[in-house]
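Kindly generate the complete structure, drawing on both the sequences and the hints.
Under the numbering used here, think of the first position of the sequence shown as 91, with each following residue one higher.
Since the hints were derived computationally from the structure, they do not count as laboratory data. Just so you know, not all the hints are guaranteed correct.
No farther apart than 27 angstroms at their CA atoms in a straight line, the calculated lysine-lysine pairs in the DSSO-like style are these [as the list claims (entries may be wrong)]:
(1) K160 with K109
(2) K285 with K296
(3) K230 with K284
(4) K296 with K230
(5) K314 with K296
(6) K160 with K215
(7) K230 with K297
(8) K160 with K284
What follows is a list of derived Cβ distance ranges for each label pair [claimed, not checked]:
(9) N130 with I400: 44 to 54 angstroms
(10) N136 with E416: 21 to 31 angstroms
(11) G152 with G278: 20 to 30 angstroms
(12) P245 with S383: 50 to 60 angstroms
(13) I375 with K106: 47 to 57 angstroms
(14) G152 with D406: 16 to 26 angstroms
(15) N266 with K109: 43 to 53 angstroms
No residue lacks a Cβ here, since even glycine has one placed at the ideal position from N, Cα and C.
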Amino acid sequence: MEEAQIKVTDLCKNFKTYKREAGFLEMVKSFIKRDYVIKNAVKNINFEINAGERVALIGPNGAGKSSTVKMLTGILEPTSGSVRVLGSDPFKERSKVVRNYGVIFGQKHNLWWDVPAIDSYHLFKAMYDISDDDFRKRLKVVRNNLGIKDYLKTPVRKLSLGERMRCELGLIFMHNPKIVFLDEPTIGVDVVGKKKISDFLLRINKKFNTTILFTSHDMGDVDKICKRAIIINEGCVIFDGKISHLKKEYVDSKTLHLKFNKPLEQKTIFDKEIEKIGTSTYRLIFEKTESVSAFLRKVLGDESKEVIDIRIIEADLNEIIRNIFEGKT
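Pasting the structure below:
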């Protein structure tokens with residue numbers, strides 16, 4: 091069995107900060123003696139990620155996502171526990187593994203600010219010793235798939251946030267990394283750009299078996315790009331599994347839309363309450379334990395009603411995640 095590319099065991103990260111009350115007197119006291127507090131940002135988390143997986147790291151602000159990613163990339167040293175990436179410790183052996191990384195950290199940029207984006211691409215070419223032939227091929231792939239041809243010769247400071255993020259994404263794939271860590275890569279990107287990014291990531295993942303660790307507050311992006319989710323809250327992993335399982339486990343109801351050839355006079359169908367949402371379209375809510383298929387067999391077998399359209403509404407991942415964090419599930 092192939093060893094996991096990323097293996098996290100009992101990982102903890104604590105931060106030492108000092109506590110000071112408001113007011114001038116408290117400020118003076120803090121210069122003489124400080125009261126320190128320990129914040130447990132990451133608490134004994136465990137997970138493994140295999141080559142080629144597309145994994146979303148999900149959590150509210152302050153949940154410990156960024157601290158976890160920084161330990162995976164070797165930026166932060168764990169307080170306790172261990173991280174192994176490609177068989178090495180990313181903090182102690184960072185130079186050994188960093189060539190296999192591609193990283194985007196939110197608002198922090200890899201592109202030089204005052205020069206055209208293409209200059210940063212040539213810098214990466216030199217840094218990672220990319221051959222002329224590979225550079226041309228990879229540049230063509232990212233340029234065409236991300237739609238950045240018109241942006242590469244523009245100074246980065248003149249690009250919009252969405253344009254810059256697409257150029258940033260193309261840049262980190264130039265050295266063909268084995269693992270990419272993407273922190274909010276679609277921030278500020280319009281719907282067309284988001285489609286290009288998701289299609290590009292799926293294509294690269296399929297072609298090169300690139301492992302993707304993706305963090306975002308946009309659950310639509312998560313749903314399109316990732317198959318697995320690791321949910322962190324208050325420093326602890328509270329879910330680790332397939333997104334499809336997440337939907338099944340945490341969804342309490344199902345929604346069905348039925349459109350008939352003409353409006354209905356009754357307010358129920360087979361004792362099921364209906365809500366009119368169009369001229370002849372109705373919404374029905376089913377509890378998790380109720381069978382939608384059994385109900386549909388009855389409706390379709392009723393000759394007095396002609397159904398012309400059926401829609402089963404998929405669970406909204408945004409709502410599921412929100413309910414988890416609010417303790418409603």
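Hints, verified against the model:
no. : hint                               : in the structure
1   : K160 with K109                     : holds, 25 angstroms
2   : K285 with K296                     : holds, 17 angstroms
3   : K230 with K284                     : holds, 19 angstroms
4   : K296 with K230                     : holds, 18 angstroms
5   : K314 with K296                     : holds, 14 angstroms
6   : K160 with K215                     : holds, 25 angstroms
7   : K230 with K297                     : holds, 15 angstroms
8   : K160 with K284                     : holds, 25 angstroms
9   : N130 with I400: 44 to 54 angstroms : holds, 49 angstroms
10  : N136 with E416: 21 to 31 angstroms : holds, 25 angstroms
11  : G152 with G278: 20 to 30 angstroms : holds, 22 angstroms
12  : P245 with S383: 50 to 60 angstroms : holds, 58 angstroms
13  : I375 with K106: 47 to 57 angstroms : holds, 50 angstroms
14  : G152 with D406: 16 to 26 angstroms : holds, 24 angstroms
15  : N266 with K109: 43 to 53 angstroms : holds, 47 angstroms
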